Every structure is written in structure tokens, then in C-alpha cells.
Amino acid sequence: MSPSLPPIRPEDEAAAEKLRPHGAFDPTGIEPDIAVRRDLLLRLGDDALVLGQRLGEWCGHGPALEVDISLANLALDLVGQATLLLNEAGDGDRLAFHRDVLDFRNCLLVEQPNGDFAQTMARHLLYTTWQHMVLQRLRESADRFVREFAHKAVKEVTYHRELAAEWTIRLGDGTEESARRMTEGLDWNWRFVPELFEVDESMQAAIDRGLAPDPRDFEDEYRAAIAAVIEEAQLAQPEDQRAILGGRRGHHSEHLGHLLAVMQFLPRTYPDATW
Amino acid sequence: MSGDWPLWEVFVRAKGGLSHRHVGSVHAPDAELALRHARDTYTRRLEGVSLWVVPSAEIVASDPDEAGELFEPAESKIYRHPTFYDIPDEVKHI
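In order, the protein sequences belong to chains C and U.
Just so you know, our numbering puts 226 at position 226 of the first sequence, and the rest follows in order with no gaps.
Just so you know, our numbering puts 279 at position 4 of the second sequence, and the rest follows in order with no gaps.
If a hint is listed, it holds; no wrong ones were tucked in.
Selected chain U positions facing chain C (Cβ under 10 Å, derived; list incomplete):
#1 W280
#2 V301
#3 H302
#4 A303
#5 P304
#6 D305
#7 E307
#8 R311
#9 H312
#10 R314
#11 D315
#12 T316
#13 R319
For the record, the hints were derived by calculation from the structure and aren't laboratory data.
This one's a predicted model, so the numbers in the text were calculated from it and none came from an experiment.
Just so you know, even glycine gets a beta-carbon here, dropped at the ideal spot from N, CA and C.
Please model the complete structure; the sequences and the hints are all you need to start from.
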């Protein structure tokens with residue numbers, strides 16, 4: 001008969017080794033590792049959750065039936081990613097529905113309002129192009145969950161990135177009105193791009209531990225990829241604006257609170273509700 | 276908006292070895308987006324491994340008024356069905 005206990009993995013042994021010389025109330029040395037990993041999971045998970053909720057707002061309001069279904073599919077992909085990430089960070093439902101706005105770690109870009117369809121597609125292009133580049137690199141993460149997550153999600157996000165580029169090109173290179181709306185959509189979201197490449201203390205710790213890539217390593221690649229789409233869309237490159245930062249530290253725009261009010265209303269009002 | 280877009284007929288291959296089957300139609304401004312709309316509308320539940328889209332305007336259809344002369348003559352010709360052969364039990368999928 002085989003032993004009923006699971007095998008002890010090398011990473012478990014390493015964790016136990018670090019804990020050994022400490023008492024229960026001493027700093028353990030492992031806590032920073034857990035905190036850094038959790039923060040990374042929350043950043044990626046909150047990005048996916050908030051952007052998924054935003055796209056879900058289109059449901060029933062899409063400019064065409066086919067586009068409505070398409071946007072709902074994108075939203076469901078993102079909510080699925082958020083479920084995996086937040087459940088790895090803790091209790092996913094509690095994190096999604098019982099946290100206040102200051103505790104959310106998403107970037108400011110994903111919480112920006114939908115505006116019109118062009119503004120939504122501009123936001124989706126700018127975010128998913130970045131997300132795609134991150135996920136490609138997270139497949140090499142030192143963390144097994146993160147690696148496996150990235151392998152699954154990168155296929156979904158490849159589609160998101162391509163679809164957003166297709167629409168940017170069609171609207172930009174479409175009618176006078178569609179080009180104007182696409183330009184305005186890109187302008188609205190442009191000031192939130194620098195935050196994607198910000199490396200704060202927590203991010204640096206994740207990079208140092210091999211959990212996550214340094215986004216600055218692919219900023220040029222990102223800028224070139226976006227510029228290529230905008231050029232194919234026959235639009236002018238957006239002017240750089242004063243960068244707005246702070247989402248990763250919980251300093252959000254007013255838009256996130258309104259989004260959470262809608263998203264969290266039901267489980268907060270009826271905490272025992274099941275469906 | 277979708278009223279301005281041409282209609283495309285969608286065909287899905289459920290798995291390798293099977294033929295593409297007609298499943299419905301989508302509106303889209305061009306072929307590339309028609310494929311993406313078809314993917315999002317008709318393959319959300321793992322229905323397929325391959326997609327075709329064809330402009331609906333390019334489909335040449337038979338005239339329902341000619342159904343009599345086109346199809347009824349086949350009704351009385353049961354000898355065209357291979358029902359007079361004994362199939363060995365070992366032969367599957369026929």
C-alpha cells in the first residue's frame with residue numbers, strides 16, 4: 001500500500017528550512033515572500049476582475065448583436081482569469097466582493113469608463129497588448145501556479161489583443177466619425193499607459209524573486225507594437241500626457257468606486273445569498 | 276449598425292475527419308471580422324476545430340418553386356439506397 005501523505009516537495013522543504021530558527025511571533029523570513037507573491041496575484045487578478053466587470057457592462061448594449069456576444073466572451077475570459085488568480089491569493093469571492101476600493105491593486109487603465117465602443121477598444125488594445133507581453137514572460141516564472149496560469153491565459157489574451165487591434169484599425173481607417181472616436185478613445189486612455197511600466201518596491205521584489213518579468217524590459221517592444229497598430233489605423237500617434245500613477249497602491253480614480261458599488265451590491269446586501 | 280454589414284454564412288467542423296456543417300450566419304464588415312464573430316457566436320462551447328465563413332450573397336440557392344421537378348423524381352427510386360447489402364457485424368460506422 002502506498003503512503004497516504006503527499007510527497008514533500010523541494011519548495012516545501014526550503015520553506016520549512018527558513019522557518020526553523022524562529023518562534024511563532026518572530027519575523028519568519030518567509031512572510032515577505034508570501035506578501036510579494038500575494039501582491040503580484042492581486043495586481044493581475046484585480047486587473048482581470050475590473051476589466052471583466054467593465055466589459056460586462058456592455059452586455060445588452062453592444063453596437064451590434066455579434067459585438068455584444070464578442071464583448072461578453074472577452075469579459076468571461078477575464079472573470080475566469082480573475083477567479084483563478086484571486087482564489088490563489090486567498091478566498092476569491094471575499095476578495096472580489098468584500099474588499100473596499102483602497103485595497104484594490106489594479107492599474108488605473110482597466111477601471112476607466114467604457115465611453116463609446118472605440119474608447120472601450122482603445123483601452124482593450126492598450127491593456128491586453130501589455131497583458132499579453134507579461135503573460136508570455138510569466139510562463140517562465142519561478143512560481144509553478146503563475147507559470148501554469150500564464151500558459152492557459154496567454155491563449156485567451158492573444159485573441160483579445162488581436163481583436164482589439166482589428167477594431168482599432170477598422171475604426172481608425174473607417175469613416176471620419178469612427179476615426180475621430182478612435183482618436184478620442186486613445187487620447188482618453190493614453191495617460192494611464194506609463195503606470196503599466198512602473199516598478200515599485202513590491203514589483204521589484206517580485207522581479208528579484210523571479211516571479212515576474214521587469215516590464216521595463218519590454219516597454220520599447222510595447223510602444224512599437226501599439227505604434228504599428230495606430231499607424232495601420234491611419235491615425236496620428238497620441239501626444240504624451242502627464243502620466244497618472246497610483247492604482248497599484250490603491251490610489252484609484254473615482255470610477256472604480258462606482259464600478260465596485262454595482263459589482264459588490266448583491267453579495268454585500270445579502271451575504272448569505274446563493275445561486 | 277449590424278444592419279449596414281453584409282451577412283456571412285458560418286460553417287463549423289466539429290472535429291477532424293468530419294465535414295464543415297452550416298450552423299447559422301453573422302453580420303460583419305469584412306471576412307476577417309466575420310471569422311471572429313463566427314468564433315464568438317458559434318464556437319463558445321467547444322463546438323468546433325475549424326470555421327468557414329462565406330458571403331451569403333455568394334450562395335446560389337435552388338428555387339423552391341422548382342422543388343417538384345428537382346427532388347420528387349428521387350422519391351420512387353429506392354434501389355438507389357444501398358439497403359440490399361448484408362453488412363458484416365465487424366464493420367462499424369456505416
